[in-house]
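Model the full assembly from the supplied sequences, consistent with the hints where possible.
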Amino acid sequence: MSQCCGKIPGEDDCEAIKSSIVQGNTFQGDIGERVAAEVATERLNLTPEFFDPPKNGFDSVYRDRAGRLVIVESKFTEKSGLSSLAMTNHGRQGSVEWVEYNARLMCDPTSSRYTPDNAKIGAEILRVGAENVSVVLIHTDPSTLNTETQKIR
Amino acid sequence: MPTSEEVLDGLEIFKKHVKEYGDNFRKRNKLPKNYDFRPYRWCSRDIVFSLLVVRHNRRGNYLEVDVCLIANPPQYVENSGARVALGFLLSEAYKCGGTMEIVFSKNVEGGRVPAYICDLAIDMGVKLKYVFEGHITPLEARLLYLGLAGFSEKAKNKIMKMAVDGLISPERVCFLMMGGVWSLPEAESIILGTGHPERTLQSMSEPEDRHLFLNDLMVSSTAILGGALDRKLLRVELTDNGKIIESEDYESPLSIEFDPVFFAKIYRSDTELIIPWINENHLLSSGMQMVVMVRARSDSEVQKYFLKDLDGLKKLIAKYRKDQTTMIFYLIPRDYEDVPQSVKEKIQEQLDGEGVYLMIAPESMASLNKEAIHRLETGRRTRQ
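Protein sequences appear in the order of chains Y and P. With the numbering used here, the residue at position 54 of the first sequence is 54, and numbering never jumps. With the numbering used here, the residue at position 209 of the second sequence is 209, and numbering never jumps.
Since the hints were derived computationally from the structure, they do not count as laboratory data. The model shown is predicted, which means the values in this text are computed figures rather than measured ones. One or more of the hints may lead you astray.
[Claimed, not checked] Reference listing, derived: stretches of chain Y covered by chain P, where coverage requires no fewer than 3 residues with Cβ under 8 Å from a Cβ of chain P:
#1 10-17
#2 75-85
#3 110-117
[To be verified] In silico BS3-like links for lysine-lysine, alpha-carbon gap of 30 Å or less:
#4 P:K16 - P:K106
#5 P:K27 - Y:K7
#6 Y:K120 - P:K127
#7 Y:K18 - P:K33
#8 Y:K18 - P:K27
#9 P:K106 - Y:K18
#10 Y:K7 - P:K106
#11 P:K106 - Y:K55
#12 Y:K55 - P:K16
#13 Y:K18 - P:K30
#14 Y:K18 - P:K16
#15 Y:K7 - P:K370
#16 Y:K7 - P:K33
#17 Y:K18 - P:K19
#18 P:K19 - Y:K7
[Unchecked claim] Below, a sample of chain Y positions facing chain P; criterion: calculated Cβ distance under 8 Å:
#19 C5
#20 G6
#21 K7
#22 T88
#23 N89
#24 L105
Here a beta-carbon is modelled for each residue, glycine too, at the ideal position from N, C-alpha and C.
Structure representation (structure tokens):
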């Protein structure tokens, strides 16, 4: 992003930006998350938790039969398995550091990840310890639509 | 996180501002004042990072933000949209001459500091006190600006010391860097490598103050020479159907440090990089480091100061070359080609004896000095 440039836009620019926002609501990520929701509830027998997914952070949060929190990362990409997990400034997605960082943001009322429901989940993660929260990757290949599930922790 | 309604409402207000700007300025072929609302869009290729409408509020002497829409495209680094938006807002606040306070209007997420900017502030360890009042205070702005600029701890400490001594404000240093006058490694070279960086950064010396001006010129030329090597190493050339294309979005994963004692740059890379401007073919591999002593010297200066530089190189070798993973280089401009052949042979022989590679940049002293004068003049025009 070395050459991000600023410009005073014209009215045509505004129309183009608006149409891209209105039409561009269904992204690959949304499709992946829908597939992951099906897999999580039907195959893994997880129960969805009240959670408002932010743009960055956890994709979805569930509970297993024992009532423990399970974070589900959904990927809709040709990259396979663990390699599809992105490296962030706070560790790789799914790592203890990443889970803890996101849980802290979810509890911070100023953050974009905060909602009352997210704050409850964040507080619970911090209380039980990020290392004790399971993370599951549900990966869907866009060309074959095959889905595979992998327990990260 | 802003709701869809807030985003669409913000977009409508943005459109209104664009129309007003068109009617009041574009169509009349006039330029706006700082206190007029100005809409900006920030993009890389066809990806929008941020839409902003700002003006300087003369009554309160702060920067007023009427629209601040931020996107964080997943294919870029975390909080990239917030980085772009905040970088612009802070630079604009400085340029407009206010107190650096930033105030968000009710149109921005109901009058709060945008959530993505808060995420970035948390990431940088800056606690914002008046988030829901929509204010960023001058002190918070200073901390955010320093965090965004990305200076090393050593450089930050020196900047703060200069600020305490009343020599230069941290905002000015950040503005010069964010405004593109100096790149981050160039600015660090000047801040850490010279006795009075504030003179160079503020362009204080007039050409009439001959000695001071020449000193600033030498410092600037050397920083620019080092910057030229940074850019050469950072640039990634991608091939498309056998043709080399440059990508503005990709840079080599390179870490650049600076040793102020020797005015030397230390490079480390996670991938293999071809080392440029030397006679032999060498790669900088993962786990290796290259230490480059930078000297912007004309042909006559090379002849006059080489023995002194050689002495410095020997000390540099003693400090850094513990094993074979460190390569030492002596970087000078292409004026070296004008040195008499017999002298060049002697220099090469002595460098070979110490195991130092001679690195000759394609830049000449004339072009380095011209660029240095241009940057010093640009710096002089910046708000003091």
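*Examine the region 110-117 of chain Y for residues whose CB is less than 8 Å from any CB of chain P, and state whether their number is three or more.*
holds (count 5)
*Given the proposed pairing of K27 of chain P with K7 of chain Y, does the C-alpha separation stay at or below 30 Å?*
With Cα atoms ~17 Å apart, K27 of chain P and K7 of chain Y stay inside 30 Å; holds.
*Is K106 of chain P close enough to K18 of chain Y, meaning Cα to Cα at most 30 Å?*
21 Å, holds
*Proposed proximity, K7 of chain Y with K19 of chain P (alpha carbon, max 30 Å)*: 15 Å, holds
_Hinted pair, alpha-carbon criterion (30 Å max): K18 of chain Y, K30 of chain P. Please report holds or violated._
At roughly 27 Å apart (the allowed maximum being 30 Å), K30 of chain P and K18 of chain Y satisfy the hint.
*Between K106 of chain P and K55 of chain Y, does the CA-CA distance stay at or below 30 Å?*
23 Å, holds
*Within a Cα-Cα threshold of 30 Å, do K18 of chain Y and K33 of chain P meet the stated pairing?*
OK: K18 of chain Y and K33 of chain P at ~28 Å, within 30 Å.
_Restraint: G6 of chain Y near chain P, CB-CB cut 8 Å. Satisfied or not?_
Cβ of G6 of chain Y sits 5 Å from chain P, so the hint holds.
*Taking 30 Å as the top limit, are the C-alpha atoms of K120 of chain Y and K127 of chain P close enough?*
Given that 30 Å is the threshold and the Cα spacing comes to 22 Å, the pair holds.
*Holds or violated: is the Cβ of T88 of chain Y closer than 8 Å to a Cβ in chain P?*
6 Å, holds
_Pairwise hint evaluation, K27 of chain P against K18 of chain Y, where the allowed Cα distance is 30 Å at most_ = 23 Å, holds
_Agreement of K16 of chain P and K106 of chain P with the hint, judged by alpha carbon distance not exceeding 30 Å_ = Satisfied, since the Cα-Cα distance of roughly 16 Å is no more than 30 Å.
Consistency with the previously given hints fails for number 2 only.
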